[in-house]
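Chemist: Modelling step: build the complete structure from the supplied sequences, incorporating the hints.
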Amino acid sequence: MVTDSFYERVYAIVREVPPGTVVTYAEVARRAGSPLASRATGYALNALAWDADVPWWRVVNRTGGISDRPGVGAMVQRERLEAEGVVFSSDGRLDLRRYGWDGAGASGFGGQQ
DNA sequence: CCAATGACCGTAA
DNA sequence: GTTACGGCCATTG
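Take the first sequence: its position 101, counting from 1, is numbered 287 in our numbering, and each next residue is one higher.
Errors might be hidden in some of the hints.
Label-pair distances were calculated between CB atoms; the ranges are [to be verified]:
no., residue 1, residue 2, range
1, E194, P256, 20 to 26 Å
2, P221, E194, 24 to 30 Å
3, M261, D190, 30 to 36 Å
4, G219, V273, 19 to 25 Å
5, A233, S275, 26 to 32 Å
6, F274, D190, 33 to 39 Å
7, E202, A233, 14 to 20 Å
8, E270, S191, 25 to 31 Å
9, S220, S276, 32 to 38 Å
10, G219, F274, 28 to 34 Å
Derived by calculation from the structure, the hints in this document are not laboratory data.
Keep in mind the model is a prediction, meaning the values are calculated, not measured.
Where is the CB? At the ideal position from N, CA and C, for every residue including glycine.
Modeler: Structure follows, in structure tokens:
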């Protein structure tokens, strides 16, 4: 720890992500200060532990799906998100338009579905 | 310091 | 709609 750097910044952001909401790596990187550091963002989460104090499972790629990660398995993340109230599409993807944390929030409408 | 890696993103064909 | 390629960032060896 103590890694006072992009790392902690990403953790702080992910930690601020409310339940039932997901954010893309690009979004986190954007909030971290580097909109193009999406790669480094994944690297930071990679250093995280499955039981870290950071809801890394709320972080997904731009496709709204779960990236292929070593070890654990995307399957675990899907269950975690479902437990948060997130619903996946038949393609295994979720609507960033609705669950996307950019404040979007679910304004309630929009409707698609 | 230089080289390589990585849970990615964006654009093009 | 999918597939392919390049680029950019930060961390580690």
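Chemist: How does the Cβ-Cβ distance of F274 and D190 compare with 33 to 39 Å: does it lie in that range?
Modeler: 36 Å, holds
Chemist: Confirm or reject the claim that G219 and F274 have a C-beta distance inside 28 to 34 Å.
Modeler: 31 Å, holds
Chemist: Per the hint of 30 to 36 Å, is the separation of the Cβ atoms of M261 and D190 within bounds?
Modeler: 34 Å, holds
Chemist: Does the Cβ pair S220, S276 satisfy 32 to 38 Å?
Modeler: Cβ of S220 to Cβ of S276: about 34 Å, so the range 32 to 38 Å holds.
Chemist: Hint says 24 to 30 Å; check whether the CB-CB distance for P221 and E194 agrees.
Modeler: Hint violated: Cβ distance 18 Å, outside 24 to 30 Å.
Chemist: Given a hint of 14 to 20 Å, does the C-beta separation of E202 and A233 actually sit inside it?
Modeler: 19 Å, holds
Chemist: How does the Cβ-Cβ distance of E194 and P256 compare with 20 to 26 Å: does it lie in that range?
Modeler: 23 Å, holds
Chemist: Given the range 26 to 32 Å, decide if the beta-carbon distance of A233 to S275 lies inside it.
Modeler: Given a distance of about 30 Å, which is inside 26 to 32 Å, the answer is holds.
Chemist: Measuring from beta carbon to beta carbon, are E270 and S191 in 25 to 31 Å?
Modeler: 28 Å, holds
Chemist: Does the Cβ-Cβ separation between G219 and V273 fall within 19 to 25 Å?
Modeler: Violated, since G219 and V273 (Cβ atoms, about 32 Å apart) do not stay within the stated range.
The structure fails to meet hints 2, 4 from the earlier list, while all remaining hints are met.
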